[in-house]
Amino acid sequence: AQRVTQPEKLLSVFKGAPVELKCNYSYSGSPELFWYVQYSRQRLQLLLRHISRESIKGFTADLNKGETSFHLKKPFAQEEDSAMYYCALSGLSYNQGGKLIFGQGTELSVKP
Amino acid sequence: DGGITQSPKYLFRKEGQNVTLSCEQNLNHDAMYWYRQDPGQGLRLIYYSQIVNDFQKGDIAEGYSVSREKKESFPLTVTSAQKNPTAFYLCASSIPGYEQYFGPGTRLTVT
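Sequence lines, in order, name chains W and X. First residue of the first sequence? That's 1 in this note's numbering, and the numbers climb one at a time after it. First residue of the second sequence? That's 1 in this note's numbering, and the numbers climb one at a time after it.
Only chain W is shown next, with the shape it has when bound in the complex (with noise of 0.2 Å):
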């Protein structure tokens, strides 16, 4: 089956501190992995994908496929990093027709 799951529902850390937020997946295939954002009151947008390899406003994730996993990693938090993010995946052939299957996202909250 395919699956992503974040197992928290909510990441409370303090301003500075380095944050990490899970992501584990069962897919049958290659799939490709990508991490949304969602801030208040904005639009859900796309923070990065694995295949890029980029990073983005200092998030990092690396696809280790041993352990099926795309952890979302960031060595010091801002308190404008206090979002909602989702995990997802999407599989890499045309016929799966570019859809995206979540995670149940999880709440980071930076403190000050």
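For the record, the hints were derived by calculation from the structure and aren't laboratory data. In this text, a Cβ means the ideal position worked out from N, Cα and C, and glycines have one as well. Where hints are given, some of them may not hold.
[Unchecked claim] The calculated DSSO-like cross-link candidates involving lysine-lysine, where the alpha carbons are at most 30 Å apart (straight line), are:
| # | chain 1 | residue 1 | chain 2 | residue 2 |
| --- | --- | --- | --- | --- |
| 1 | W | K65 | W | K9 |
| 2 | X | K70 | W | K9 |
| 3 | W | K9 | X | K9 |
[As the list claims (entries may be wrong)] To be clear about the criterion: a stretch of chain W counts as covered by chain X if any three or more of its residues have a C-beta under 8 Å from a C-beta of chain X, and this derived list gives those stretches:
| # | stretch |
| --- | --- |
| 4 | 44 to 58 |
| 5 | 98 to 109 |
Please build the complex by placing chain X on the supplied structure of chain W, with the hints as guidance.
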């Protein structure tokens, strides 16, 4: 914030009534999607369309219907058969396989 629009922002309906949510995009994307967002459940795919006049059911299509008569438009109808229609509905579009762009959402309340 152009690109993909949804209307209205808030919608209230009585139980037993069908209601149609609008989604329009001017990004020239072939693919469009409808998701439902519920607290603690993430986003779940209702329907998606890869091309005009074609669409496929997602994971939770029961009680919903869509049409794709124009590339720019992908309206979603929430029918009276949907047992729990109160939710936040998100529309998205993309070049298939690439980043999805999301609309601002419509919050539907059925009483």
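To see whether the hints hold, each was checked on the structure:
Between W/K65 and W/K9 the alpha-carbon distance is near 23 Å, which keeps this suggested pair within the 30 Å criterion. Restraint check: the Cα-Cα separation between X/K70 and W/K9 comes to about 38 Å, which exceeds 30 Å; the hinted pair is violated. A hinted pair counts as satisfied when its Cα atoms are at most 30 Å apart, and W/K9 with X/K9 qualifies at roughly 26 Å. Here's how the stretch 44 to 58 of chain W fares: 4 of its residues keep a CB closer than 8 Å to some CB of chain X, so the rule of at least three is met and the hint holds.
For the stretch 98 to 109 of chain W, the assignment as covered by chain X holds, since 8 residues bring a beta-carbon within under 8 Å of that chain's beta-carbons and 3 suffice.
Hint check: a violation occurs at hint 2 only; the rest are consistent with the structure.
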